[in-house]
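K.L.:
Listed below are the residues making up each chain.
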Amino acid sequence: MRFTDEFRDPDKARTLVGEIARLAAPLAAMRERPLQIMEVCGGHTHTIFRYGLKSMLPQDSIEFVHGPGCPVCVLPMGRVDDCVALARDPHIILTTFGDAMRVPGSQGSLLQAKADGADVRMVYSPLDALQLARAHPEREVVFFALGFETTMPSTALTVLQARREGIRNFSLFCNHITIVPTLKALLDSADLRLDGFIGPGHVSMVIGNRPYDFIAKAYGKPLVVAGFEPLDLLQSLWMVIKQLAEGRCEIENQYTRIVPEDGNQQALAALTEVFELREFFEWRGLGSIDHSGVRMRREFAAFDAERKFAVPNLAVADPKSCQCGEVLKGLIKPQQCKVFGTACTPDKPLGALMVSSEGACAAYYQYGRIDVKDRQPRAQGVS
Amino acid sequence: MCLGIPGRIVAITDAGSKLGMVDVCGVRRQINLACVIDEDHPLESCVGDWVLIHVGFAMSRINEEEAALTLELLKQLGEAQNELDALRRVEH
Numbered sequence: 051m052r053f054t055d056e057f058r059d060p061d062k063a064r065t066l067v068g069e070i071a072r073l074a075a076p077l078a079a080m081r082e083r084p085l086q087i088m089e090v091c092g093g094h095t096h097t098i099f100r101y102g103l104k105s106m107l108p109q110d111s112i113e114f115v116h117g118p119g120c121p122v123c124v125l126p127m128g129r130v131d132d133c134v135a136l137a138r139d140p141h142i143i144l145t146t147f148g149d150a151m152r153v154p155g156s157q158g159s160l161l162q163a164k165a166d167g168a169d170v171r172m173v174y175s176p177l178d179a180l181q182l183a184r185a186h187p188e189r190e191v192v193f194f195a196l197g198f199e200t201t202m203p204s205t206a207l208t209v210l211q212a213r214r215e216g217i218r219n220f221s222l223f224c225n226h227i228t229i230v231p232t233l234k235a236l237l238d239s240a241d242l243r244l245d246g247f248i249g250p251g252h253v254s255m256v257i258g259n260r261p262y263d264f265i266a267k268a269y270g271k272p273l274v275v276a277g278f279e280p281l282d283l284l285q286s287l288w289m290v291i292k293q294l295a296e297g298r299c300e301i302e303n304q305y306t307r308i309v310p311e312d313g314n315q316q317a318l319a320a321l322t323e324v325f326e327l328r329e330f331f332e333w334r335g336l337g338s339i340d341h342s343g344v345r346m347r348r349e350f351a352a353f354d355a356e357r358k359f360a361v362p363n364l365a366v367a368d369p370k371s372c373q374c375g376e377v378l379k380g381l382i383k384p385q386q387c388k389v390f391g392t393a394c395t396p397d398k399p400l401g402a403l404m405v406s407s408e409g410a411c412a413a414y415y416q417y418g419r420i421d422v423k424d425r426q427p428r429a430q431g432v433s
Numbered sequence: 024m025c026l027g028i029p030g031r032i033v034a035i036t037d038a039g040s041k042l043g044m045v046d047v048c049g050v051r052r053q054i055n056l057a058c059v060i061d062e063d064h065p066l067e068s069c070v071g072d073w074v075l076i077h078v079g080f081a082m083s084r085i086n087e088e089e090a091a092l093t094l095e096l097l098k099q100l101g102e103a104q105n106e107l108d109a110l111r112r113v114e115h
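As given, the protein sequences belong to chains A and B, one line each in that order. Positions in the first sequence are counted from 1; adding 50 to them yields our numbering. Positions in the second sequence are counted from 1; adding 23 to them yields our numbering.
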């Protein structure tokens, strides 16, 4: 075990791992299976792999289930196709984050559309897209907005700024999603056996801890909001397991240095002003989930690309060979997918989870590679 | 985009739009400060603050130690360089 140079407090890490193992063993024995703890956020998935946390913990009593918290990964192909269609309009400059450029649609990615001559530009911030709109009043600048509540305030504040300045050639193609309804949908799914959650850090920085209360109250599962350092994750895992051992289920906050109990009021005010819940939204791998996406309120129609332009609104089924959905539900591990590391690699992603470094499959590919023991049973059972 | 990056506010550049200049590992960029100000901590008092920045918006005030730890984490995850490259990017 490499506790020495990688952890800023190796003694504490060692103690936590020991305590986790001690508390988890009887709980796993009682269930006759390992405890299944979902880390919701893709950033946490990345840390778990980078620091090899999985291999430090007793595998027969603890299992991480990698959650759906990578917004790039869960974007359905139809929305990417819509975006490519918008980008092909010669009046439009389509702008987005670098992460979104490589997400595969059924007709290729935005990067490919750009290579084919569409005016697609990678920006660091929605504010840069607004600046492009100021600089090109003769063009329409569309910002392909995506992400959870972490990035939602930035697009909301940018739209509010555009309205203050009376900018008419700026709009959002809004694909923001919200994690809480998706956690509820996962908890309602019959084949899920999760014992607890490690909650997202930076989404919670915006929304606070209260929106998770139902997970403890209605579903009887503990959730601990966690920071992104390896020590944060070990401590959060210990807090979840301690709750299970003591028969408690509560929403706790390990990341108090960033996450205020009630979230960020300025950010919440901006996103409430601009956005409202959609009736449903499509997630790659998970299908349609009620109230899991947001759209712009009617007052902001002039800044809403879906109202301003003829967006084809394409629905495209996930590729048949892709098992991202099963991975997202924790039913199989990435390396048990039929196309993992063969037809689907980080250089040529087929499924969404291979696209971003925060996707579970890309993380397995980069750090875990193929664990033969895990792969064999599945390989035999799949036709 | 989700992990963010720490930076230090070095100047207020546009009080009306709540914009300020940050220094992120020597890269300077104008960002929006609306989410880290309130009555108790107005815009004028932000210079010198360390903040966690997500896609051009300061989202949380942090202390210097937290900033250093977060930056070290980003380096180890291989994300720091991507974020700095993105910060430098300007489209015209």
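Note that these hints are calculated values from the structure, not bench results. Just so it is clear, CB atoms sit at the ideal spot from N, CA and C, and this is done for glycine as well. Heads up, some of the hints might be wrong.
Label pairs and their in silico Cβ distance ranges [said to hold, decoys possible]:
{"id": "1", "chain 1": "B", "residue 1": "Glu67", "chain 2": "A", "residue 2": "Arg307", "range": "18 to 26 Å"}
{"id": "2", "chain 1": "A", "residue 1": "Thr392", "chain 2": "B", "residue 2": "Arg51", "range": "42 to 50 Å"}
{"id": "3", "chain 1": "A", "residue 1": "Lys370", "chain 2": "B", "residue 2": "Asn86", "range": "22 to 30 Å"}
{"id": "4", "chain 1": "A", "residue 1": "Asp110", "chain 2": "B", "residue 2": "Pro65", "range": "49 to 57 Å"}
To be clear about the criterion: a stretch of chain B counts as covered by chain A if any three or more of its residues have a C-beta under 8 Å from a C-beta of chain A, and this derived list gives those stretches [as the list claims (entries may be wrong)]:
{"id": "5", "region": "62-75"}
{"id": "6", "region": "100-110"}
K.L.:
If a hint holds in the structure, say so; if it doesn't, say that too.
P.N.:
Against the structure, the hints:
Distance hint check: the CB atoms of glutamate 67 (chain B) and arginine 307 (chain A) are about 25 Å apart, consistent with the given range 18 to 26 Å. Range check, threonine 392 (chain A) to arginine 51 (chain B): Cβ separation about 45 Å, and the 42 to 50 Å hint holds. Taking 22 to 30 Å as the suggested C-beta distance range, the pair lysine 370 (chain A) and asparagine 86 (chain B) does not conform, at roughly 50 Å. Between aspartate 110 (chain A) and proline 65 (chain B) the Cβ separation comes to about 55 Å, which falls inside the hinted range of 49 to 57 Å.
Only when three residues or more bring their CB closer than 8 Å to a CB of chain A does the claim for the region 62-75 of chain B stand; here the count is 1, and the claim is violated. Counting residues of the region 100-110 of chain B whose beta-carbon sits less than 8 Å from any beta-carbon of chain A gives 6, enough to reach three: the coverage restraint holds.
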